[in-house]
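Chemist: Each chain is listed here by its residues.
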Amino acid sequence: MSDTNNKVIVKIQRGTAEKQEMASFDVPLHSNQTVLDLVSWVQQNEDPTLSYRFACRVGMCGSCAMMVNGVPRWTCRTHISKVLHRGEITIAPLQNLPVIKDLAVDMDPFFDKWIAAEGVHHSGRTRDDDIEMVDETSASRLEANSGIECINCSVCYAACDTVRNNPDFLGPAALQRAWTLLNDVKDEGRQSILDAVSGKGGCHNCHSIGSCTAFCPNELDPMSAIAGLKRETTKHFWRGGKSC
Amino acid sequence: MKHLNTSKTSKAHPLWLSHILHRLSGIGLSLFLPFHFLILALAMTNPDRLDQFLQITESPAVKFAEFGLVFLLAIHMFGGLRLMALEWLPWRPAQKTLAALAVSMSFFIAGIFFLKAI
Amino acid sequence: MLNLRLYMLQRITALLMAPLVLGHIAVMIYAIQGGLTAAEILGRTKGSVAWFAFYGLFVVAISIHGAIGMRVVMYEWAGFKGKWLEAFTYSLGFLLLIIGARAVWAVTFA
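Residue numbers (the working numbering), protein chains in the order written: chain D, 1 to 244; chain G, 1 to 118; chain B, 1 to 110.
If you are wondering where the hints come from, they were derived from the structure by calculation, not from laboratory data.
Being a predicted model, the structure only gives us computed values, none of them experimental.
Worth double-checking, as some hints may not be accurate.
[Said to hold, decoys possible] Here are the simulated distance ranges between beta carbons:
1) G:A65 <-> B:G79: 55 to 63 Å
2) G:P60 <-> B:K46: 25 to 33 Å
3) B:R5 <-> G:A61: 38 to 46 Å
[To be verified] Here are the simulated lysine to aspartate or glutamate pairs, DMTMM-like style, with alpha carbons at most 20 Å apart:
4) D:K200 <-> D:E188
5) D:K186 <-> D:D130
6) D:K200 <-> D:D161
7) D:K186 <-> D:E219
8) G:K63 <-> B:E40
9) D:K19 <-> D:D130
10) D:K101 <-> D:E46
11) D:K11 <-> D:D26
12) D:K19 <-> D:D37
13) D:K113 <-> D:D195
14) B:K81 <-> D:D26
15) B:K46 <-> G:E66
16) D:K82 <-> D:D26
17) B:K46 <-> G:D48
18) D:K7 <-> D:E18
19) D:K113 <-> D:E88
20) D:K200 <-> B:E86
21) B:K83 <-> D:D47
22) D:K101 <-> D:D161
23) D:K186 <-> D:E132
24) D:K200 <-> D:E143
25) D:K7 <-> D:E46
26) D:K200 <-> B:E40
27) D:K200 <-> D:D106
28) B:K81 <-> D:D161
29) D:K113 <-> D:D161
30) D:K113 <-> B:E76
Ideal placement from N, C-alpha and C gives every residue a C-beta, glycine not left out.
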């Protein structure tokens with residue numbers, strides 16, 4: 001694998017939302033390459049019209065997420081030894097999001113659903129009130145903490161079969177954020193969060209397939225967060241709470 | 001929860017398989033039920049016809065199909081109970097899957113045993 | 001395509017049916033010993049309020065549970081939406097309820 005005369009056949013999905021096609025490139029093989037390296041090589045040496053996104057290239061920002069051999073990954077953190085299959089790799093734009101061009105997708109639906117799930121801080125206090133104290137050891141804070149490191153990379157959204165088949169479904173990331181806010185003592189929007197996640201695109205559409213948790217590059221667990229939302233909304237149901 | 005960082009070219013991880021089995025068994029049961037209800041109602045409209053059907057059920061092919069149905073039911077019910085445990089009980093995921101597997105297997109075996117006993 | 005209400009109906013009917021399923025299978029294993037005839041079935045169930053209640057409850061529960069379950073399948077896999085989805089859900093529910101109730105009636109008080 002360290003022989004630089006070797007090549008990798010890189011198949012990349014090109015095109016727009018209306019029309020897509022696969023293009024094939026021969027990329028020189030090196031001993032230490034990530035999938036992002038391959039894509040960058042193509043754009044810099046073969047075809048400057050290839051559109052793709054990246055930023056930090058060290059696994060912090062999530063911008064480089066793409067489908068690699070049918071599986072959503074951060075391409076900057078995917079060593080090609082892990083995905084090379086008979087000298088070939090197939091790269092496509094993230095699933096479940098509209099394609100803008102080539103490997104760049106429109107992230108708007110993802111963020112729209114984040115807002116629709118009420119994944120925004122609901123503050124109630126003013127500068128004249130005392131600061132709400134957060135008990136870092138409390139069970140609810142630990143629950144919240146386990147989900148707050150989401151960087152909105154959309155890998156879970158792309159991995160989710162339910163997102164694919166159910167256009168209304170808010171998706172794992174948005175619902176996980178709603179769960180962290182529900183567990184946040186500083187957030188005063190409990191009812192609006194519960195209502196938002198109980199509608200026709202809400203948490204009850206999740207089938208606990210778990211692809212979100214399986215593929216999250218940050219090792220978060222949206223599936224369990226959604227289970228938490230189901231528990232909370234169920235309790236609310238029995239107490240005669242709204243949200244039908 | 002296991003995190004898949006190795007090269008997987010499909011999304012067929014264990015929980016996904018569990019989901020697809022649950023869905024397919026549900027569809028199978030939904031398709032079977034109307035026939036079950038219609039045939040049983042023959043007891044009222046045409047008992048002789050029902051007896052004819054019941055005699056056909058003595059054949060090994062039908063016995064096998066019956067076992068298949070019981071199995072579909074077992075998968076669906078235990079898969080569903082596993083799902084509800086995962087959602088509502090504070091258990092760790094791995095234990096739940098194993099628990100459901102154990103129960104499902106024992107049901108399967110019991111099912112075979114009893115159907116063979118006749 | 002579930003909201004909280006449909007989700008709860010699905011879960012509740014599921015829990016309700018767990019003991020009914022076990023009971024039904026136990027009865028079946030017993031009943032098929034030595035062959036099965038219409039007369040044998042009816043000898044057990046005819047005129048029985050208990051069997052009527054047991055299987056009556058079972059039919060109501062399965063009509064709701066099956067209809068909601070297939071609703072999700074038709075939405076996610078067949079793309080049914082809006083009024084077609086609602087029509088399908090209610091149709092399947094009522095179909096199962098009516099022919100199921102007819103079957104229960106056939107073996108008890110017909």
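Chemist: Could you work out which of the previously given hints the structure breaks and list their numbers from low to high?
Modeler: 1, 4, 7, 9, 12, 14, 15, 18, 19, 21, 22, 24, 26, 27
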